[in-house]
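Peer 1: Order-wise, the sequence lines are chains A and B. Residue numbering for the first sequence is 1 to 639, as defined by the numbering used here. Residue numbering for the second sequence is 1 to 639, as defined by the numbering used here.
Be careful, since some hints might not be right.
Which copy is meant is left open, because identical chains are indistinguishable; a pair holds if it fits in one copy or across any two.
List time: in silico SDA-like cross-link candidates among lysine to any residue, alpha-carbon distance up to 25 Å [as the list claims (entries may be wrong)]:
#1 K619 / G90
#2 K19 / P103
#3 K337 / M172
#4 K408 / A50
#5 K55 / H427
#6 K478 / R392
#7 K337 / G623
#8 K408 / R397
#9 K55 / G186
#10 K619 / T603
#11 K55 / P500
#12 K337 / I449
#13 K337 / P384
#14 K337 / P363
#15 K55 / T170
#16 K55 / E494
#17 K408 / A328
#18 K55 / R517
#19 K619 / T292
#20 K408 / E326
#21 K478 / D532
#22 K619 / R517
#23 K55 / R194
#24 K337 / L404
#25 K19 / R358
#26 K478 / E590
Simulated from the structure, these hints should not be mistaken for lab results.
There are 2 protein chains.
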Amino acid sequence: MSKRHIYLEDVPLDEARAKLQAALLAAGRLGPLPGESVLLDRALGRVTAAPVRAKLSSPHYHCAAMDGYAVAAADTRDARETQAISLRLGREAQAVNTGDPLPENTDAVIMIEHVNQTDDGRLLIYASVAPWQHVRLMGEDMVTTETVLQVNHQLRPVDLGALAGCGHATVMVRRKPRVAIIPTGGELVPPDRRPERGQLIEFNSLILGAQIREAGGEATTSEIVGDSLAGLRSALQEALDAAPDLILVLSGSSAGSHDFTAGAIEELGDLLVHGIAVRPGHPVIMGMIGTTPIIGVPGYPVSAALTGELLIAPLIRAWQGLSPAEPATVEAVSTRKIVSPIGDDDFLRVALAEIDGRLRATPLQRGAGVITSLVQADGLAHIPRFHEGVDRGEAMRVSLYRSLSQIKSTIMVMGSHDPMLDLLATHLRLFSAARRIVSVNLGSIGGLIALRRGEAHLAGSHLFDPATASYNLSFIRKYLPNEPCQLVTFAQREQGLILPPGNPRGISEISDIRGLRYVNRQRGAGTRVLFDHLLDQHGIASHEITGYAHEEYTHLGVAAAVADGIGDCGMGLRSAAEAMGLDFLGLTWERFDLVIPRRALETTSLQALLTVLRSADFKRELGAQSGYRSDETGQVVEA
Amino acid sequence: MSKRHIYLEDVPLDEARAKLQAALLAAGRLGPLPGESVLLDRALGRVTAAPVRAKLSSPHYHCAAMDGYAVAAADTRDARETQAISLRLGREAQAVNTGDPLPENTDAVIMIEHVNQTDDGRLLIYASVAPWQHVRLMGEDMVTTETVLQVNHQLRPVDLGALAGCGHATVMVRRKPRVAIIPTGGELVPPDRRPERGQLIEFNSLILGAQIREAGGEATTSEIVGDSLAGLRSALQEALDAAPDLILVLSGSSAGSHDFTAGAIEELGDLLVHGIAVRPGHPVIMGMIGTTPIIGVPGYPVSAALTGELLIAPLIRAWQGLSPAEPATVEAVSTRKIVSPIGDDDFLRVALAEIDGRLRATPLQRGAGVITSLVQADGLAHIPRFHEGVDRGEAMRVSLYRSLSQIKSTIMVMGSHDPMLDLLATHLRLFSAARRIVSVNLGSIGGLIALRRGEAHLAGSHLFDPATASYNLSFIRKYLPNEPCQLVTFAQREQGLILPPGNPRGISEISDIRGLRYVNRQRGAGTRVLFDHLLDQHGIASHEITGYAHEEYTHLGVAAAVADGIGDCGMGLRSAAEAMGLDFLGLTWERFDLVIPRRALETTSLQALLTVLRSADFKRELGAQSGYRSDETGQVVEA
């Protein structure tokens, strides 16, 4: 194995694509795959490998388009309203049903409603008819040899009908591109095994396999290969034996994996690219072993999914003669300043919502390990190379991951995130399938600022003001002086100290935490405001609290830190402690409100939300949760 | 069986939907179906039956986010560029790879690039690090008990990854709605049988089955039931025994089918609706047998497909907790005046093209039997009840059947349709997957008028002017006086008389057709202009030609009429005669040109088309067709 260090070359995306294309061309693997014949009822979504011509005209004979009587139009020439003509039934006029072939010597059909029959078997006709009236002429729809469908056409339900209608029982479609997926990484275990500490669940093969199927290909995933060059080499050989159109080597996140992949490709074939200037997704590898292309996919799930979207799915489509999928795009205003690395094509997951008639894009977490940022994303913003980023308030193009109508019925909640907002989202969804709640956690004060900037429909807030002994009102006056709002109570929640199981430090009141490692919440969080107030009440100074500077962003984050032994205690919700199997020392009940600008209040979205919030079902389920009371849920707080 | 005549009630669409909903509600069948557990790699496209919560945090331990050394941040407090600190390797600093669990008593990772190692096993550090630097905290992505996916969410590739990542190997999804399809009609045969005269191929079950699968359901189709109430009754009973969620009875086009369906439903259950005020699609039937809904689907394929789209697919989606699919819509200007029946919701298939920066919609054939109108349609325009129609030039909303980008790369050809335009379309498609040619047959003069009105990108024309003995030029001057155009030759074609096999009338020159039944082309067709010129040359008056008034719209239409014995001969292309296995008497070669307005000439679409037209491959294949010469193909005709 050569020791050249070509790792992370920073090849621009377009150049990497071009290199692979050139290698495929040289290998005779660039064009669409050959055809195979499939039965029509298996052909939905497949792509025609050749133009399809009618084998049969449709209809393949002149036929009646109505129920009635077939006649020769010429025989009716003299018929008038006032002077009926009569034709012998069974001879000059013959009964036909819709679809029946036109009898010989007839060329028109008279509707059953427009004639009368005499007792002696004659038909009375009161108006002359034109030739071919109410007749479907042979070939009206399709004529033998006519091109019915073009090549490289993805078959839809009506296409299948048309093919059958012109005499086909099968259709030649492009063979499905076959992809062999090889997951690698000594730390990985399959999804049906519970991972130990130090082990991670391998799920990139699931994402990529599904992306490939969605693009029309077939994927088979082999066993996970540990961190061993020999293991990878033999997995590659096994994959090559099955003659796939493409091999994907998925790298685990552990060091070494990338080098194994690049090394194995160099050893068995040609390494084309090692590192693409795309964020996230950098350590992509491209190579050829013989005439088989290999793509090394980065281990971080967001990078892996984007590699699938940007590089792999388009290849699968091209092999079927399809151009890359073109998602709908929209223009949206960024709610944040976005700084982009100048040398990279930067792809940002964003949440979208329509607020005051404009689409607003809020970037989601950047980390390539955070797959929830892809799950939650409404779209993908592309900041091209040589661009420094996007200013707050600047418009950018976003490719949609959801339909625009779904995005337009999204309710954007910013501010403090209560876990029970997810319960509300579930009830809202069951109430009205299209409505979604997206909750972006910025802390209570962050939510009020987001409302002021017009970035959210409503904000979650639980800010206690000791001066007035009230929640939220004085903060709204301070942060939203010019925005008339309605305050609607979401829930009463129990706050207290989250403690390790069994409360090993024997904490029984807040002053017991002096000297222990405390896990704090971020600045602007209502729980931090509450904690500061409690410290104040008990005459404790913040510098007496070890870990006051350790900031977590959610209740569950605090609980996780306590569970993991990073801290000895932290302030948070009873529900968070119980969810993680921790002890809890209740200190107080607080009110969590929804802050709704009055101009948003009358929209159908907000009305639906309030209807669900005030429904007996929701209130019952909310009140049954440990650490929650719902008796004031839905009530308007008077200012 | 009661004899009430409730056939064709004209129930408005919304009312019909509401009646079915009410009946489903009463039967306890309205809400989404219950869940079933499926493996993640089978779950793509399925819909969650409950919110999914994380079973495991992701990552489920604090881990290194980089390759390097894990340290306690506090130990590095005094490190400076100019004053390195040293830590003992294996004790205060430990080598970690990305993804490794953070060793005890460490809380940060220093990248391998930022340290130096001494010979005695110590690490030199040149800058202090913050706690949790390059560490992925436990739960950074997902925290146990957190809601990862909402209920009624259709699973995408990344969702499957997220589910696996938080500890799920399976997911509860809505059971697939099951539909039993019963085709009825004595005249129908399955697609794998060649139909006799009087028989039609049954393909509506293919269309509806595919629509149902596309919407997420499962469809099983039973054998075709003939025109017999007893047969239908037993097919219904058999379907009911399998306990489907929905039964569809597809009626053939023959009379009586509808009554059988309605009759059988009345006999076994309740008939809710018989006839909906929708065009096309009128004779829709809705009923309930016990708690099972039955929909009777009209026999004409366009009506059947629209019934599937408007009534059935939304039901299949609703049973999975999904709202109806919402196709993208665009605003397009109608190129025709459209008259709509005032009492009906009118659905029109339209072809779309972007011309001079505006989307233009051209209505396709209305006939409910013409399935090609659905195959060719780019979109569906809905003209609601109580609207009389749309004026030419008026804007209307169109739901898209293709992506907007595909429509924008469509080249709209109007005018004379040469069958070899399909060959050009094939070559263009192979050259550039996204480009499509749509050819609307209006005859040569119709094409020039369409160009004048800005309805097409180019026109096909083969108009001979005896006065100047030239093609097209004088007609362009007449019909397009203010539109500078370029004339590009498409092909030379052989025109002549299409004759029955064996030429039973012994026709050897044009004057032989006197007294025979001639099949003519429509007014404005180049072939008719040519025929008139030939008659003139031979001193034949049009009234001497029987059938001069019988107009067909295409060469293949003329050939079909001759093949079927409707006429004894007709003028048309050699290729059309040979395609239908007919005899042909060649009379002349003519030039078929493409008329391209100069302002369209420089667009990338037209440039791609001309490149393909002039390619050696295309010219070779065109020239090899019987009745075609391609030596002038692609040449510009000088005015």
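Peer 1: Which numbered hints are broken by the structure, listed smallest first?
Peer 2: Structure breaks hints 1, 2, 3, 7, 18, 19, 22 and 25.
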